[in-house]
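Each chain, letter by letter, is given below.
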Amino acid sequence: MQREAMSEALEELLFDSDVVGARLELLLPVDGVYWRVLEGVSADVFDSDASSAALSNGLDWPLDPLESYVTATPCADAVVAVGVRRTMLQAWIDVVEQADLPLQRVDWLVSCAQRCLHHLSSGWTGDVAWLFPHGSAVRLVLIHDGVPEVDQTFARDGLEPDALISEIRRSVSAWQTLMNRYVPLGWWLSFPESHNQMFMLLIDAARQDCLLNQPFAWNPAPWGEDSGDDPLEPLEQLALFGMLVEIH
Amino acid sequence: MPVRPPMAVPDLLRQRRVELGLPAAPPPLRPAWVVLGMGAGLGTVVVLIVLTVYWQLLNRERSLQQTVARLTPLEQRVAKARSRLQKATTSAAKLEQDTARITAQLVSLRSGSAFLEQLRRVTPAGVKLQSVAVQPAQLSISGLAEPSSVAGGLEQINAFALNLESLAAVPIDGAAIQQAQTSDGNPTTFSLQVRIDPSIKPTPQQLRDLGALGLAARFELLKQKGLPL
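As you go down the protein sequences, you meet chains W and B in turn.
For the first sequence, my numbering begins at 87 and goes up steadily by one.
For the second sequence, my numbering begins at 33 and goes up steadily by one.
It should be emphasised that the hints constitute simulated quantities derived from the structure, not laboratory data.
Predicted, not measured: the structure shown is a model, and the values here were computed from it.
Keep in mind that the hints are not guaranteed to be accurate.
To be verified - Okay, the calculated beta carbon distance ranges per label pair:
hint, chain 1, residue 1, chain 2, residue 2, range
1, B, 60, W, 270, 38 to 48 Å
2, B, 80, W, 125, 56 to 66 Å
3, W, 133, B, 59, 17 to 27 Å
C-beta: ideal position from N, C-alpha, C; glycine also.
Could you put together the complete structure from these sequences and hints?
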């Protein structure tokens with residue numbers, strides 16, 4: 087029933103938008119999709135079943151090599167692999183097919199938002215620390231030269247804000263120590279404005295850290311009857327703006 | 033602000049496309065101006081086709097109008113000629129009818145001499161005719177029958193009637209005795225009605241035999257001229 091409702095909503099949306107005949111690009115939600123950075127392999131490593139199966143076993147992610155779809159894209163000197171369960175992708179394909187729409191491409195909200203972040207922070211020469219919500223938790227992605235080297239989730243249940251800030255600081259320090267890089271950090275906080283304040287403490291002006299957040303020139307209005315109750319999250323807005331930038 | 037090169041875009045449908053035997057990369061999205069250009073091109077082609085067809089139709093109409101204008105006087109001449117021909121045909125038919133009627137009248141007149149000769153030949157010796165009235169399909173004869181040594185008056189009247197019926201123009205039982213009256217020592221008076229079939233015409237040879245040389249010659253002349261008899 088939920089799939090049917092979503093198919094109908096998709097049809098209605100495209101009809102209302104007067105873009106009948108358009109091809110659809112889908113962004114999968116944060117949950118259920120995983121990514122890894124690989125070194126020493128080429129971007130077509132997952133095109134062959136044998137090399138794909140051999141590699142997937144060593145990826146240390148909860149995806150079964152035979153029950154998942156993986157794609158890899160070059161990123162600086164490395165390759166970023168993004169994987170999803172077949173059942174999940176198939177469910178979304180079914181939704182789109184039921185709406186009788188052609189599916190052009192499937193991407194992931196986080197990787198799309200990260201590419202947008204890379205584009206928007208092109209003037210920043212240091213590393214990037216990106217924080218965004220993942221359910222009730224907070225997710226930290228540390229990026230060096232466009233490559234997401236660290237992706238860590240911090241549970242917030244029962245944790246004081248100060249303790250959360252300390253944990254995040256420890257992770258950042260550990261990464262810098264491991265990589266032996268002590269360059270200024272640019273922070274991008276993908277939270278509602280009220281929550282961003284809490285994480286402003288992470289920005290160490292003495293080390294020339296700075297906040298990279300900038301207002302978007304494009305702010306799409308959510309569509310639907312109850313859209314007012316569910317405004318776009320900053321992460322979603324970042325990803326959608328990334329898609330817009332890539333298309334143009 | 034330096035512009036970084038765009039990062040590669042992942043596509044989670046890539047493996048699925050390969051599984052389904054499709055190209056790994058989706059068909060490229062056409063920019064709006066390309067689609068617009070294709071639509072405009074197609075629209076232009078359609079408009080050009082319509083205009084070409086319209087232009088050809090206009091030319092065709094103009095050519096047909098010229099042909100009509102060129103043929104109009106001829107058509108009028110043909111109509112006039114047809115009308116004259118119609119009139120000529122009508123008058124010819126009328127003339128033919130008149131000719132046939134006149135011809136029929138010419139040959140339908142019974143020859144008086146032939147009739148009298150015929151009447152003479154069929155009238156027995158003892159029968160005297162007092163009056164003979166000739167109508168187109170009927171003869172009315174009245175007269176006297178003198179009894180002779182071989183036949184009485186009534187017998188001679190009967191013989192006269194039988195003789196009349198033997199003629200080609202008189203049908204069988206065509207001669208009817210209307211009245212016969214006899215008294216001792218006097219001739220028998222009688223009157224006869226004889227029906228005549230007007231469609232039976234004598235041949236020129238018969239007419240000649242009966243002495244109607246004029247009518248026979250008329251017959252032959254009309255036949256020579258090819259007139260219907």
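Each hint, compared with the structure:
no., hint, in the structure
1, B:60 - W:270: 38 to 48 Å, "holds, 40 Å"
2, B:80 - W:125: 56 to 66 Å, "holds, 59 Å"
3, W:133 - B:59: 17 to 27 Å, "holds, 19 Å"
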